[in-house]
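Enquirer: Please arrange chain B on chain A, whose structure you already have, making use of the hints.
Going line by line, the protein sequences match chains A and B. Taken in order, the first sequence gives residues 1 to 411; the numbers are from the working numbering. Taken in order, the second sequence gives residues 1 to 411; the numbers are from the working numbering.
One or more hints might be untrue.
[To be verified] With a straight-line cut-off of 27 angstroms between C-alpha atoms, the simulated DSS-like cross-links for lysine-lysine are: (1) A:Lys265 with B:Lys22; (2) A:Lys10 with B:Lys268; (3) B:Lys265 with A:Lys10; (4) B:Lys315 with B:Lys38; (5) B:Lys38 with B:Lys28; (6) A:Lys22 with B:Lys84; (7) A:Lys22 with B:Lys268; (8) A:Lys22 with B:Lys265; (9) A:Lys265 with B:Lys10; (10) A:Lys10 with B:Lys209; (11) A:Lys209 with B:Lys10; (12) B:Lys22 with A:Lys268; (13) A:Lys176 with A:Lys200; (14) B:Lys22 with A:Lys84; (15) A:Lys268 with B:Lys10.
Since the hints were made in silico from the structure, they are not lab data.
2 protein chains.
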Amino acid sequence: MAYVNENHLKLPGNYLFAEIGKRVNLFKNDHPEAKIIKLGIGDVTRPLPAACIDAMHRAVDEMGREETFRGYPEYEGYDFLIQKIIEYDYLKRGIHIEADEVFVSDGAKSDTANIQELFGSDNIIAVTDPVYPVYVDSNAMAGRTGVYGADGKWSKVVYLPCTAENNFVPQLPDAKVDMIYLCFPNNPTGMTLTKAQLKKWVDYAKANKSVILFDSAYEAYIHEEDVPHSIFEVEGAREVAVEFRSFSKTAGFTGTRCAYTVIPKEVKVFAPDGEAQSLNRLWYRRQATKFNGVSYIVQRGAEAVYTEQGQKQIKATIGYYMENARIIRDGLKSIGIQVFGGVNAPYIWLKTPDGMDSWAFFDKLLSEANIVGTPGSGFGPSGRGYFRLTAFGGRESTEEAVERFKTRLKL
Amino acid sequence: MAYVNENHLKLPGNYLFAEIGKRVNLFKNDHPEAKIIKLGIGDVTRPLPAACIDAMHRAVDEMGREETFRGYPEYEGYDFLIQKIIEYDYLKRGIHIEADEVFVSDGAKSDTANIQELFGSDNIIAVTDPVYPVYVDSNAMAGRTGVYGADGKWSKVVYLPCTAENNFVPQLPDAKVDMIYLCFPNNPTGMTLTKAQLKKWVDYAKANKSVILFDSAYEAYIHEEDVPHSIFEVEGAREVAVEFRSFSKTAGFTGTRCAYTVIPKEVKVFAPDGEAQSLNRLWYRRQATKFNGVSYIVQRGAEAVYTEQGQKQIKATIGYYMENARIIRDGLKSIGIQVFGGVNAPYIWLKTPDGMDSWAFFDKLLSEANIVGTPGSGFGPSGRGYFRLTAFGGRESTEEAVERFKTRLKL
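So that you can see chain A by itself, here it is in the shape it has in the complex (with noise of 0.2 angstroms):
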């Protein structure tokens, strides 16, 4: 008799993200008339850069030739990409990084999720909390989280609160923790930290043997000084962190997937004799065995974000979706809603009205107002009474949602 993962059986609902598409659709039946904004799911709307266009057009043309066609892809991606990251994404802030130390995937959902397969069931894993619900689900479904309780928790699981009482910068746990997963700029909340103050996780990581899988996914958006676009920039990150990475945000792949995840060869985990296992090797292991690289046309596109063309017009599509965040914050803020992030990350985190329910605010903009936001108790605990913004719609909706906030949502 074949017997189900019961862990699988413990998530508590939907994804996120699925529970939000089922409720729209659902208020899509009843009110077909209704015009509905999306600022909910971090997708973008804009086109892809002009450079990754022609680069995929002559990728295309090359799949169709004898002479250029290409058939599987490395696992851990072409060296074209792989040396484009290296020297714009790191060696330009002074960051040395070895090309074995860079593997292209589909999605830093995907990586951030398959990770954990690296590690033992016994590992404690901490996350801030609100928190991108990819991190625990997927350790959720390989039973290291414990049980879900009733307050929104599960019982293994070590959360570390990012609220405005903390000004979201989260503090380092009492208790051991072995598997870090932090995410700045954040998603959800849109805030940053400065180098100093992710130094102290390297340190923790550094004195505990604990690996940081840090989730830069956002780095793009930042424009302020001081913070941190990579935790490589941090000094002995190189012994203790994983970095994601993708073209999603940065070049607007969300429906062209492309991501990669750099795992320096000094980050080690640990046999219960000690002896140190590189998790740059297990990775590659890992990716050899269950995944067969990404698109060669697809890696022609990425490696175009590089080019002096496409990095002029990742510049322009990220300051039209800044300039959104703006808009939001404002026309929010002149309403007297208390507004969080959207300068250094596409995201708004709001406070509630009169600290409403984070579902029940979901519904009543959307019914009002005909806006889909993110709820913030679906990032976790810590997120109640919180609901998230996104900067990437186009502006003309971008603005007419906050007109509709002043006009159509009964505060």
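Expert: Leaving out everything else, chain B in the frame of chain A:
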């Protein structure tokens, strides 16, 4: 302290095709002048169908315009592709599959490696032997296979020998097994089952509440009658079988990356208290949590496989490869080598001359004839003394390879 998943440390050596790549690179370094013919890894060489090229150009253009840009794809695949899959791959054979039973992915390798996550760690797996290494290795990484012995077998895996002695037809196991991996047309042997032979497995699975994980990545190469293209041609299979399909070998997508998995809603796995769970819903939750769908551009390319032009073009390419298979079969037979497969599959499975060790024959073939094949023992203990060649090469190099077998190999 971050602990390693010790199951990963139990894996013997490299992933098979990574090991082959390593040996070939070493040989190349020592013999830069050698003209190597690769008939090892099952990778296609003919260009993509023109219909797919045209469709991908159009999709790339759509991604470059605001009005037609696409963000995150559906986790389970775009409906335009799913409808075509249902119509062409199933309905035309009288099989009814619902839209929410099809899950599009980046590859059958990913899916066959990931599906085991849904099963408890105490399930007993059965595999035909020889076998595609991914089924076993992915279960080994999850701790489901016991200890790897000196005999090349995992202690908890039930091996179903497929050799010349039983005409490559696996026998039902004596012990009860829970997860049964079957791949027909078979990789690596190139052999097939009749509908009646496959029905025995469906009946076994029904009687034992097992699940059959059926890999039919090579079904497009079938041209004999009474060889089922889908396990769902067998009565009762909807209750116990999952089917994995790929565009890799059907339409040359190894470097483009698209596949799909069909999980009928009747397929169940069980909690220890006997409560049945829908594998279909568990997989949806898994994909929604750990995967973000396949590139829009790639899915449009896959859709074009089902146009009239696309169907004509893939048939021509498959015919090309199958003529290669005939050339290899006939050529090897003519020098007294015993060959199997290559009739309904692009693989030729040969007995090594004088029962030579598979890796020894690999090295001999590489050094004497500069031909890369795959050692049968890399696919499991019953592959010892066998060797796999693929029909995916170009015509000229396939003919040249046969010529080298005849003239350069010292038999």
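Enquirer: So, for every hint listed, does it hold in this structure?
Expert: Do the hints match the structure? See the list:
1. Of the supplied pair hints, the one linking lysine 265 of chain A and lysine 22 of chain B holds, its CA atoms being roughly 20 angstroms apart against a limit of 27 angstroms.
2. With a C-alpha separation of about 17 angstroms, the suggested pair lysine 10 of chain A and lysine 268 of chain B falls inside the 27 angstroms cut-off, and the hint holds.
3. Annotation: proposed proximity of lysine 265 of chain B to lysine 10 of chain A holds, straight-line Cα distance about 21 angstroms (limit 27 angstroms).
4. With a CA separation close to 23 angstroms, the supplied pair lysine 315 of chain B and lysine 38 of chain B stays within the 27 angstroms bound.
5. Proposed proximity of lysine 38 of chain B and lysine 28 of chain B is supported: the alpha carbons are some 12 angstroms apart, at most 27 angstroms.
6. For the hint pairing lysine 22 of chain A with lysine 84 of chain B, the CA-to-CA distance comes to about 25 angstroms; that is within 27 angstroms, so the pair holds.
7. For the hint linking lysine 22 of chain A to lysine 268 of chain B, the alpha-carbon distance of about 24 angstroms falls within 27 angstroms, and the restraint holds.
8. Taking the CA atoms of lysine 22 of chain A and lysine 265 of chain B, the gap is about 20 angstroms. The hint holds against a cut of 27 angstroms.
9. The hinted pair formed by lysine 265 of chain A and lysine 10 of chain B meets the criterion: a straight-line CA distance of about 21 angstroms does not exceed 27 angstroms.
10. Straight-line distance between C-alpha atoms of lysine 10 of chain A and lysine 209 of chain B comes to about 23 angstroms, which keeps the hinted pair within the 27 angstroms bound.
11. Under the criterion of a C-alpha separation no larger than 27 angstroms, the hint pairing lysine 209 of chain A with lysine 10 of chain B is consistent with the structure, at around 23 angstroms.
12. Restraint check for lysine 22 of chain B and lysine 268 of chain A: the C-alpha separation of about 24 angstroms stays at or below 27 angstroms, so the hint holds.
13. Restraint check for lysine 176 of chain A and lysine 200 of chain A: the C-alpha separation of about 14 angstroms stays at or below 27 angstroms, so the hint holds.
14. Using a Cα cut-off of 27 angstroms, the hinted pair lysine 22 of chain B and lysine 84 of chain A holds, with the two alpha carbons roughly 25 angstroms apart.
15. Pair hint lysine 268 of chain A plus lysine 10 of chain B holds up; C-alpha atoms about 17 angstroms apart against a cutoff of 27 angstroms.
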